[in-house]
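So the protein lines, in turn, are chains A and B.
Heads up: the first sequence is residues 96 to 404, going by this note's numbering.
Heads up: the second sequence is residues 23 to 702, going by this note's numbering.
Hints listed in this document are in silico derivations from the structure and should not be mistaken for laboratory results.
Heads up, some of the hints might be wrong.
[Stated by the list, open to error] Pairs of lysine-lysine residues, derived as PhoX-like cross-links and limited to a Cα-Cα distance of at most 25 Å, are as follows:
| # | chain 1 | residue 1 | chain 2 | residue 2 |
| --- | --- | --- | --- | --- |
| 1 | A | K280 | B | K689 |
| 2 | B | K591 | B | K623 |
| 3 | B | K368 | A | K222 |
| 4 | B | K84 | B | K190 |
| 5 | B | K469 | B | K529 |
| 6 | A | K307 | B | K618 |
| 7 | A | K288 | B | K527 |
| 8 | B | K551 | B | K591 |
| 9 | A | K225 | B | K618 |
| 10 | B | K40 | A | K225 |
| 11 | B | K29 | B | K231 |
| 12 | B | K29 | B | K176 |
| 13 | A | K307 | B | K127 |
| 14 | B | K338 | A | K307 |
| 15 | A | K288 | B | K96 |
| 16 | B | K231 | B | K242 |
| 17 | B | K40 | B | K52 |
| 18 | B | K528 | B | K270 |
| 19 | B | K618 | A | K288 |
| 20 | B | K84 | B | K155 |
| 21 | B | K527 | B | K689 |
| 22 | A | K222 | A | K156 |
| 23 | B | K153 | A | K314 |
| 24 | B | K138 | B | K84 |
| 25 | A | K307 | B | K96 |
| 26 | B | K29 | A | K222 |
| 27 | B | K40 | B | K138 |
| 28 | B | K551 | B | K588 |
| 29 | B | K591 | B | K689 |
| 30 | B | K155 | A | K314 |
| 31 | B | K543 | B | K527 |
| 32 | B | K469 | B | K543 |
| 33 | A | K307 | B | K153 |
| 34 | B | K551 | B | K528 |
| 35 | B | K450 | B | K585 |
| 36 | B | K368 | B | K242 |
| 37 | B | K618 | A | K222 |
| 38 | A | K288 | B | K591 |
| 39 | B | K551 | B | K585 |
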Amino acid sequence: MEATTKQKKMRSMKVMRRTTNAIIYVILVVISIIWLFPFFYLIIQSLRGETGNYTNYFFPKKWTFDNYIHLFTNEGYNSGTGKIESLQAYNFMTWYGRTFLIAVVVTIVQTVIVLVTSYALSRMRFKMRKPLMNLMLILGMFPGFMSMTALYFLLQLIGLTQNMSTVGLILVYVGSSCMGYYICKGFFDTIPKSLDEAARIDGASRQLIFFKIILPLSKPIIVYTLLTAFMGPWGDYMFASLIANGNPAYWNVAVGLRDMVQPQTLLTYSDSFQRFCAAGVVVSLPITILFFILQRYYVEGVTGGSVKG
Amino acid sequence: MASLSLKHIYKVYPNGVKAVNDFTMEIEDKEFIVFVGPSGCGKSTTLRMIAGLEDITAGELKIGDLVVNDVEPKDRDIAMVFQNYALYPHMTVFENIAFGLRLRKMPREEINRRVKEAAEILGITEYLGRKPKEMSGGQRQRVSLGRAIVREPKVMLLDEPLSNLDAKLRTQMRSEIAKLHKRLGTTFIYVTHDQIEAMTMGTRIVVMKDGFVQQIDTPKNLYNYPGNKFVAGFIGTPQMNFFEGTLKKVGDNVEIAFHNTDAKVTVPYSYFYKTRPAYLNGETTVIIGLRAENVSLDPETVAKAAATIKVKISHKEELGNETLIYGDINMEGDGYTESSTRIIIKSADDVEHVAGEIVDAALDLDHVHLFDAETEVSILPRIPEFNYLDCDVQGKTLSFLGQSVTLPSVIECESGAGELLIPSDAIKLGGNIVAQVVGIEDILGKKLLSMELGGRRIFAVVDEEVTTSTVGISIDMKKITILRDGQEIVSPMPEVVSFDGNFVKKKVVEDVPETAQERAKRLAKEQKKAAKAAKAAPAEGEQPQEEPVTIEETPVEEPVLTKRKKIVKFSLLIENAEFPAPEDIAQRLIAALSLKRVFDKKYRFECTPYDLTLAEEGIEAEVVGIVDYGEERFARCLVGEKTIYVKLDDSIASLSGTVHLLPDIDKLAIIQADMDIRLV
């Protein structure tokens, strides 16, 4: 008797687990739908053929790639004249190219600065180390746009606005990059110091230890730093729009995209919203590609086997 | 393959914690030295200082003949094995082992040969292509050993290399490391907290506690002659039994009475030749140490034993080959808690004992250890510091052990009996007191001569070998002490003269001749200028001269210019007298205390009376008397409120008034006063 009741209890535990799992999965599915819906909507809308900025139905009646083509040829459907006309002010390719250039340069420089700063703060012991770390952390808590006006005037003073805005933007993005040391330093702290010491005894200099021992072990954090460094300037709106000073020739993609969904533009060009969506898809491509290239390092745990295991 | 010398090594952290205190040791070539002690005792710190991973606060470290305090780890020719292996995880085993050789730009064939050889020695040849994470702990530690031995270092440093391995592997690796040491013939320094590792591997062991060296000796000597209670308790398993008790001399025997029990055992007085008689008064509490194997419950042994004690059995631990029986000599005690009455007995017999049973245990008092209850230092030292003798003073005659010597004029004391303390190094060979030689022992590099004089055993530390059956001895009167009723009535002359002072810097403007480098730079600059001027000259002139100008190249001796320069001069301010500080001493002080703090600290300067000379200038001292020991004469002087002694030349007949003393700066010990760190 007792054995059978025990058996029953065990079976009921299995049933319980199944039910709980089912409930959890349902919740997860709902959450993912809510989360993924905007992306899905963006892609659908970028392929919509019929004009008009908003529709009261979800799936388009006519599918087309025209929005993508018009995006790159800088054309729009004028709702007043009912004709496709060239948009003089727009130059999507230039915006895209400039933003990409800025992002790549910033990514490289910022990653180097962050890694080097983090290594120094993790491994070296100097007098103002703790105060410096705290200072950087506190400064990082102030929103960047607080200093925006000041930065604008400074850049104007040395002539890095308007037609030199690319250089100006790079400078602004790179300028404070060492403040992002925190996560990277946390990672370096987990690499045992005895590795450095063993290498020192083996005859390696600080630089050699950094490049030959620490960096190969830090792939996940390098990837993380690269991605975050890229995403900052790639999606920045505020600084870019301020420095461009309203001149479409010096915009980056975010500023250009914002212009596409201005009420005035939406009224004048009835395909502006679809082009906006197409641009959104095009803009998200580099990050997606970057992530897929780097993701295997992101997951890989590499410190295994170095020390006590 | 090198010897090491550590002299007064200190490690003081910026927060003032002293991790290592006055570590002094000479390590010979090919030795296997083990640093052992509980965690936090400073053993790893010492090793890391030898490796160069940690700065040495004060002291001198030599590898071979080279002072390496300021040498980078890679240039010290050492290799180190870490507790957590510290293998480079992204490299294969081969690359891990070859890393150091590649950095040294060794030819490829040589690297291959050495790595293969090391791998063969350690039995990891088949794993050379693997990554560390694909290996077990024991294999990883072998790779780590391989990385160390391919470099063929002078010294191998091992920092708890076996602590991460399981018990079986640890035993196996232990013998492998010992084998490796034999095969390589390199000096090994091994840090561990495991006394079994220390005992089985080391040729000599350094026992440390709280940053202080407790004892340095061979495993056997540590076991047989522990210098204090800590060493006695740390070395050997199970831990030594410690009891409290008193000693009382009764005729030719000494009675050992245990506290908390009425047990009394007697031992012949010959055990206590080296012990200070004051311990044998029957009142002073001492700690009695006896190892578990020196107590026996075997009925036969108990029947024959000279000394037995009653033990209440509490429980036992079966170890297979032997049994540890726990009990208490106090019938009220429980035998579980560590106390001064708990006793552990190693027993191989099959006699079953019931808990609560009261049995007789035989004590093997040949192996008893006795410690002072307060200082915990052994009162059966191998080399006694003093000979404690009864004496009698009548006028200027001191008699002891049937001998009479005339006291030097300087020793003044009232007539009467007293206790005479003669340090064992104050008895010199050659003299008119004749003593019977009993034996001579080599202990820790010193020769201890035991003699019989007037029915007592006396000991002297001597330099030369003694083969005769009698020797003539004399006593260095400046080292003796006479006590009467516990009061010191004759004190030895202090062997150390100590001064207070500071370390100061001064900025001086001086004309300094330019250095060779500066001179070369200046000459090059002037030449350039001249060349430029020569080039510019024809352009200005309307017609360039067609004839080539021959410049006579007479080597003009350029004068060495002097420059007015501000230079910083360091000096030692000893009792308000200033002495220029030699460069190396100044550098060592600054290195130890940092430039910011070095000038605020107070220092103590110590030397011997022999290192002081009279001079025109120097430390001002007031002569208050001449101390005449017959053979040697010293001036007793007052410096401030301190009394110091200065050795006088025979040529100086008398001295009075104010004199100036000049210390030998190179022989000065400079001690930072408030933290008591010996810096130079």
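List in ascending order the numbers of the hints, as given earlier, that are violated by the structure. Of the numbered hints, 1, 3, 4, 5, 6, 7, 8, 14, 17, 18, 19, 20, 22, 24, 26, 27, 28, 31, 32, 34, 35, 38 do not hold.
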